[in-house]
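Same order as they appear, the protein sequences are chains A and B. Residues in the first sequence are numbered consecutively from 96, following the numbering used here. Residues in the second sequence are numbered consecutively from 14, following the numbering used here.
Don't read these hints as lab results, they were simulated from the structure. The beta carbon of each residue, even a glycine, is placed where N, CA and C say it ideally should be. Some hints could be false.
[Unchecked claim] Just the calculated beta-carbon pair ranges, DEER-fashion:
1. B:Phe51 with A:Gly207: 47 to 53 Å
2. B:Gly60 with A:Ile186: 16 to 22 Å
3. A:Ile108 with B:Gly60: 48 to 54 Å
4. B:Leu200 with A:Ile113: 22 to 28 Å
5. B:Trp131 with A:Ala204: 25 to 31 Å
6. B:Leu200 with A:Leu118: 17 to 23 Å
7. B:Glu61 with A:Ala204: 36 to 42 Å
[Stated by the list, open to error] Not the full set, but computed from the structure, chain A residues with beta-carbon under 10 Å of chain B:
8. Ala116
9. Lys192
10. Arg221
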Amino acid sequence: MKAKHQRLTLGIIALIAIIGAGLLAMSALKDQAAYFYSPSDAKKAGVPTGQAIRLGGMVTGGSIVHEPDGVTIRFVVHDNSESVPVRFKGIVPDLFKENSGVVAEGSFAADGTFVADNILAKHDERYMPPQLEGEMHKTGKVE
Amino acid sequence: MHGYANPARFLKVARPLTAWFGWGGALLIAVGMIAGLFLTPPDYLQGESVRIMYVHVPAAWLGMGGWTGIAIASLMQLVWRHPLSGVAARAIAVPGALFTALCLITGSIWGRPTWGTWWEWDGRMTSMLVLLFLYFGYVALANASEEKGSVSRVTAIFGLVGAINIPIINRSVVWWNSLHQGPSITLKGSTIDSSILWPLGLTTLGFSLLFGAIVLMRMRASLAEIRVEARLKRMAEA
Numbered sequence: 096m097k098a099k100h101q102r103l104t105l106g107i108i109a110l111i112a113i114i115g116a117g118l119l120a121m122s123a124l125k126d127q128a129a130y131f132y133s134p135s136d137a138k139k140a141g142v143p144t145g146q147a148i149r150l151g152g153m154v155t156g157g158s159i160v161h162e163p164d165g166v167t168i169r170f171v172v173h174d175n176s177e178s179v180p181v182r183f184k185g186i187v188p189d190l191f192k193e194n195s196g197v198v199a200e201g202s203f204a205a206d207g208t209f210v211a212d213n214i215l216a217k218h219d220e221r222y223m224p225p226q227l228e229g230e231m232h233k234t235g236k237v238e
Numbered sequence: 014m015h016g017y018a019n020p021a022r023f024l025k026v027a028r029p030l031t032a033w034f035g036w037g038g039a040l041l042i043a044v045g046m047i048a049g050l051f052l053t054p055p056d057y058l059q060g061e062s063v064r065i066m067y068v069h070v071p072a073a074w075l076g077m078g079g080w081t082g083i084a085i086a087s088l089m090q091l092v093w094r095h096p097l098s099g100v101a102a103r104a105i106a107v108p109g110a111l112f113t114a115l116c117l118i119t120g121s122i123w124g125r126p127t128w129g130t131w132w133e134w135d136g137r138m139t140s141m142l143v144l145l146f147l148y149f150g151y152v153a154l155a156n157a158s159e160e161k162g163s164v165s166r167v168t169a170i171f172g173l174v175g176a177i178n179i180p181i182i183n184r185s186v187v188w189w190n191s192l193h194q195g196p197s198i199t200l201k202g203s204t205i206d207s208s209i210l211w212p213l214g215l216t217t218l219g220f221s222l223l224f225g226a227i228v229l230m231r232m233r234a235s236l237a238e239i240r241v242e243a244r245l246k247r248m249a250e251a
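Bound-form chain A, shown alone (with noise of 0.2 Å):
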């Protein structure tokens, strides 16, 4: 009995210890694990121009521009407190459109204006069928 209970407080004390282990490695990678940065976290790291970063938020509603080259366009992406420009040359995925959420891979030019050299669409945790698609996607939260 006793040295059963002497394994039970040894169990325990070690899964204390793996999840503070955890919990602390977790903090600390805090910055360095996020797929990308939001323009307010962008503008608070202060990303040096040309650096490659990834940029996520949502698309600004009615800011997509089409360069008259016919393959770059031009948008702006907005997290609710700050948003940056964003000009790309190339293919967007079927889900990129306006007040919906979109990944950038790329960096900024001298002029704070982000070139993209790569788009992903970001899609939200809503499922809705068609009919009911209106008003309730329109909310823009960034995740």
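With chain A fixed as given, assemble chain B onto it according to the hints.
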């Protein structure tokens, strides 16, 4: 629990339970799949590819649930020395790895049309891939165990330590900016419309029952192997 430490008593329950779980699971999966493929509406943005969810979500749940089971069994083995815990943990490992792989594969197939990429190193995907590698490590350690049908203490400790990855997978989309969307189904409710959601419950329960049946089958096979070994040993001595 120690009432079932006796393999004979365990087998008496496990045998009929295997059939119930197996057939019940198969029926639920069949109904859920037909509903998910033909009866539910497509999503307003994703279109038809939303249907991958009916396999992807149960696979993710069983990949993570499987390791949670291994961790609980490992704790029971280390603390209470329950004789069946090692057999159970070993039985869970291979189907757990299989469903984790299924989750990664279906996620990748969904990611291509939705996100525009097969694979990205974001928090959710990376931690799920780590889980698959943990399963591979566990299976290798279990196979290297001297214990017949069960697993060594080192394997059990590995099963316990590896559990740290489970809350990380679960929280990865909340803690870090990730490409993978946040949780749709939380304690507060679901952000999936009920017309799309309902077959998911059927397939999740169905795959879970099937998983249970596979684990019970594997446990019975392990116990039978132990008995064969013991009998051969007795015959050799006689």
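Hints broken by the structure, by number, lowest first?
-> Violated: none.
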